[in-house]
Amino acid sequence: MARMATTRRVMISTAAAWLFGFLIFFPILWMGLASFKTELEAFAIPPSFLFFHWTTENYATVQERSDYLHHAMNSIIIAGGSTLIALLIAIPAAWSMAFSPTKRTKDILLWMLSTKMMPPVGVLVPIYLIYKSLGLLDSRIGLVFILCLGNLPIVIWMLFTYFKEIPRDILEAARMDGATIGRELVYVLTPMAIPGLASTLLLNLILAWNEAFWTLNLSTSSAAPLTTFIASYSSPEGLFWAKLSAASTLAIAPILVLGWFSQKQLVRGLTFGAVK
Amino acid sequence: MGQITLQGVQKSFGPVHIIKGADLEIADGSFVVFVGPSGCGKTTLLRLIAGLEDVSGGKILIDGKNVVDTPPAKRGLSMVFQSYALYPHMSVRGNIGFGLKMAGLPKDEINRKVEAAAATLNLTPYLDRKPRELSGGQRQRVAIGRAIVREPKAFLFDEPLSNLDAALRVQMRIEVTRLQKQLGTTAIYVTHDQVEAMTMADKIVVLNGGKIEQYGSPLELYERPANLFVAGFIGSPRMNFVTGEPALQKGAATIGVRPEHLKIERDGGGGWQGTIAVAEHLGSDTFLYVDAGALGMLTARYIGELSLHAGDRVSLMPDPARIHRFDESGNALRG
Ligand SMILES: Nc1ncnc2c1ncn2[C@@H]1O[C@H](COP(=O)(O)OP(=O)(O)OP(=O)(O)O)[C@@H](O)[C@H]1O
Ligand SMILES: [Mg+2]
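Respectively, the protein sequence lines represent chains A and B. Note that our numbering numbers the first sequence so that position 110 is 110, with each residue one more than the last. Note that our numbering numbers the second sequence so that position 73 is 73, with each residue one more than the last.
Simulated from the structure, these hints should not be mistaken for lab results. Backbone N, C-alpha and C define an ideal beta-carbon position, used for all residues, glycine too. Do not take every clue at face value.
The calculated label-pair distances, taken between Cβ atoms and stated as ranges, are [claimed, not checked]:
| hint | chain 1 | residue 1 | chain 2 | residue 2 | range |
| --- | --- | --- | --- | --- | --- |
| 1 | B | D69 | A | I108 | 27 to 33 Å |
| 2 | B | S12 | A | E165 | 27 to 33 Å |
| 3 | B | S12 | A | S100 | 18 to 24 Å |
| 4 | A | L88 | B | H89 | 19 to 25 Å |
| 5 | B | K20 | A | I108 | 32 to 38 Å |
| 6 | B | S12 | A | W95 | 25 to 31 Å |
| 7 | A | S100 | B | D108 | 37 to 43 Å |
| 8 | B | R112 | A | S13 | 51 to 57 Å |
Bound conformation, chain A alone (with noise of 0.2 Å):
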């Protein structure tokens, strides 16, 4: 009896499981579907999910209107370049709290979260106004710079979280063992601390491939990434929902395959080193 009820259970959390997943994960589904249809039956009322005209021509026609590869290569500089600098300064930071914290330790930490509790939008205009003084509208570099200070309080968090985890006795053991500072950072902490590392960066990397506020309003066209590709289908000659959806669908799909393929350590990152 007790096995029977136990089955019954895990069949119904299974279930509840993939239910809850496909409705999370429906709207990209449509997306892809959407992508797929003539302008027209992409906001047929009833809809069609999967009996209509497929046609590849919105890829075609997206290809032609905007440059899908400058873009892309914008979004991978700026994800790419704003974590690679995030990481090198957080790095140090995050290590010095974690193993030499001070009194003010917390403080600062929480200090720096607090700067993520501003809505970006309220300096959006001084920062408009520098950026533009100093020339840096529409730059890769200004995008960079700004992603990278946006993000940093989040990584240097997710840094600190995971070094606290690693045991003081496994680097004192390491001093015992004759290891100078340097070789214990090399043999010991870094191998211990690459998962922490890993996922830290993968989920920086999609934050920035994903963030919309300031990659809109800082550029236009030369440094423009995936983001403002998709928004230019939104306005201003009006929505087109299949072109909108081949975009979106190109725009995601390489933060998608890498997500995929680094499922493990992103589940990690994204629950700050909860699963061991």
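Knowing the structure of chain A, use the given hints to seat chain B with the ligands on it.
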């Protein structure tokens, strides 16, 4: 060589004095155990010797050289942690050989030494496993292997067996003792288990509240405890303390008698009268907890089986040669 001397070693964390001036002379090749109640500073004193903590005052000499400013890596000591502290990303081989690798030994020599150490500790089949694939006892062996392979001047152990179950603990206790005798390397071993202390040590350091209460061989501490604290701490069951009239008769403020030095007689004999509150029959021993009225609760131990039960009246006769006398401040009176 591994002679370790402490001269007036002190340690404070901020305003709190944890170690209040420790003087100690540890002979080369000896097995010294630090015991004391929780929080008395055993770990702190060990970490000071290791160099993982800086002294606030005093000197630590290793083979005559003051090492207080020498980093742990250069002191030539190795340590076994309570948590084992194995490197999780390295195999057993990598863990044991890490110190040798840091010392810059050639690969084949490292391998040879690691394999020899693994053989003494019965770890050979596990050399290529990761720590997480080992049982607690095996991890403990790896931690010990990592310590011995470097041929240090001394081993430092911080409660290395406290995470093991009772049976394994006894087995490892014997193994560690045997290994230390075989290698002839100085060892300092921290524990709060006085049985471990009595069985393993050449000499015991009894610590209390950051002070060394007594330093001597296990039997010295058992037979001639320097004060009430040591008398109560060493020996199991605990020594009985009696104050008042019986103590005054002996010219002391307090007298102490170990449970095994109380002769048990059925009611009517001389000595201290009382009623048995609890009787424990272990077969090999009988422990009686006796309510002796004004004298308080007394514990008596009989080797073998003694058929007495709760409620029975007994009289307890202290062995006159085995009575310990203490003055008002708790120090032992001799002579
Ligand atoms: N880093 C530190 N900062 C402040 N106080 C500390 C620090 N390390 C230890 N102490 C204090 O020093 C005292 C002695 O600690 P220690 O760890 O040496 O005790 P112990 O004898 O090893 O105890 P146990 O048997 O519980 O392991 C304790 O009161 C502890 O709170
Ligand atoms: Mg301790």
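Evaluation of the provided hints:
Range check, D69/B to I108/A: about 32 Å between beta-carbon atoms, so the 27 to 33 Å window is met. At about 30 Å, the CB distance of S12/B to E165/A agrees with the hint of 27 to 33 Å. Range check, S12/B to S100/A: Cβ separation about 19 Å, and the 18 to 24 Å hint holds. Distance hint for L88/A and H89/B: a CB-CB separation of about 23 Å, consistent with the stated range 19 to 25 Å.
Judged by the Cβ atoms, the range 32 to 38 Å given for K20/B and I108/A holds: they are separated by roughly 36 Å. S12/B and W95/A have their C-beta atoms about 28 Å apart, which keeps the hinted 25 to 31 Å range intact. For S100/A and D108/B, the Cβ-Cβ distance of about 39 Å falls inside the hinted range of 37 to 43 Å, so the restraint holds. The supplied range of 51 to 57 Å is met by R112/B and S13/A, whose beta-carbon atoms lie about 55 Å from each other.
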